[in-house]
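Asker: Here the protein sequences come in this chain order: A and B.
Take the position in the first sequence, starting the count at 1, then add 357; the result is the number in the numbering used here.
Take the position in the second sequence, starting the count at 1, then add 147; the result is the number in the numbering used here.
None of these hints come from the bench; they were simulated from the model.
Everything numeric in this text was worked out from a predicted model, so none of it was measured.
Errors might be hidden in some of the hints.
[As the list claims (entries may be wrong)] Straight-line Cα separation of at most 27 Å, DSS-like style, residue types lysine-lysine; simulated pairs:
(1) 500/A / 373/A
(2) 386/A / 234/B
(3) 206/B / 500/A
[To be verified] Across the chosen pairs, the derived CB separations fall in these ranges:
(4) 485/A / 287/B: 48 to 58 Å
(5) 287/B / 458/A: 33 to 43 Å
(6) 194/B / 380/A: 29 to 39 Å
The beta-carbon is built from N, C-alpha and C at its ideal position, and this holds for glycine as well.
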Amino acid sequence: MATVTEKTAIPAGIWKSDPVHSSVAFSVKHMVVATFRGAFTDFGVTLDNSGGEPVLYGAVRVDSVDARDENLKGHLLAPDFFDAEKTPEIRFTSTDIRTEGDELVVDGELEIKGTSRPVVARGTIVGPVENEVTLHVHLELAKDE
Amino acid sequence: MRVLGISGSLRSGSHNTNLLRVAAQVVPPPHELEIFDGLRDVPPYDADEDTDPAPEAVKGLRDAIAEADAVLIATPEYNSSLPGQLKNALDWASRPFPRNALRNKPVAVIGASTGMFGAVWAQAEARKVLGATGARVVDVELPVPHAEAAFAGDRLADAEVHENLAGIVSELIAVAEARPTELSAAA
């Protein structure tokens, strides 16, 4: 993560995720007290503010899930869960990007297993600093979504 | 497409094996359905015996599933669930997880019973087990009740149930055909 020096509005240009400094991670609370954490290692994210309304979009390869357990990964990729064979990617496309105070708010459509749901991601955007922009957003999903 | 039929009943005059014979009649050409005949020989699951190479009967089961494009299971109902020998075979077939013969394999479950509910609970339990194995379970069911009077030659006596069976077989084949070619070949 870059050192925070200033906070800007959405910087102009087309910004693509840098695989060295970027990550897509998730955590799931279960059994009240336990939290499972995992990540997707193969993904791409683009912030396009080259003209018109800025758009944030990206996708992760489902089969790149790092669950640290082969059996659990097998379950996650099976037809009963992500169905990696039929829907190999999870996708996100923003519909609106705005700032609320110090917070970046991104409305968008999250597509998992071929089904899209409107979601709201919140976070921060910093830069550009030395030709890099640091974008950090997170979103929460209900289990029944 | 090659469909493998597995009857959960070992009995020589099994209604569920008969149901698979009817299914074989309604498979639209050039597709075909072959009934697996090795269920009786599959030993009780024992992790000590779950070795490479696998026991001969287990290898026969796994190979038959792997070489098929889809699987159609016909199950009777024992105590509101699927028969032990069928569950045992699915347990063997699910190993080694997750890269087992059933993974992403299109599977549908049908069933006949002499009772009035047509093994509907056994079918639901079989779908649950198959989902856990990583199979691509087709969300259908075919309860054939009063099985002793359900057959008329090589057809089901009830024309609507007969057509439902034909529809399930066609849907199973369509799901198999929709799979990515390279993954079907690798499965």
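Asker: All hints, please: hold or fail.
Answerer: A quick look at each hint next to the structure:
no. : hint                      : verdict
1   : 500/A / 373/A             : 30 Å, violated
2   : 386/A / 234/B             : 32 Å, violated
3   : 206/B / 500/A             : 39 Å, violated
4   : 485/A / 287/B: 48 to 58 Å : 55 Å, holds
5   : 287/B / 458/A: 33 to 43 Å : 52 Å, violated
6   : 194/B / 380/A: 29 to 39 Å : 37 Å, holds
The structure is inconsistent with the numbered hints 1, 2, 3 and 5, although it conforms to all the rest.
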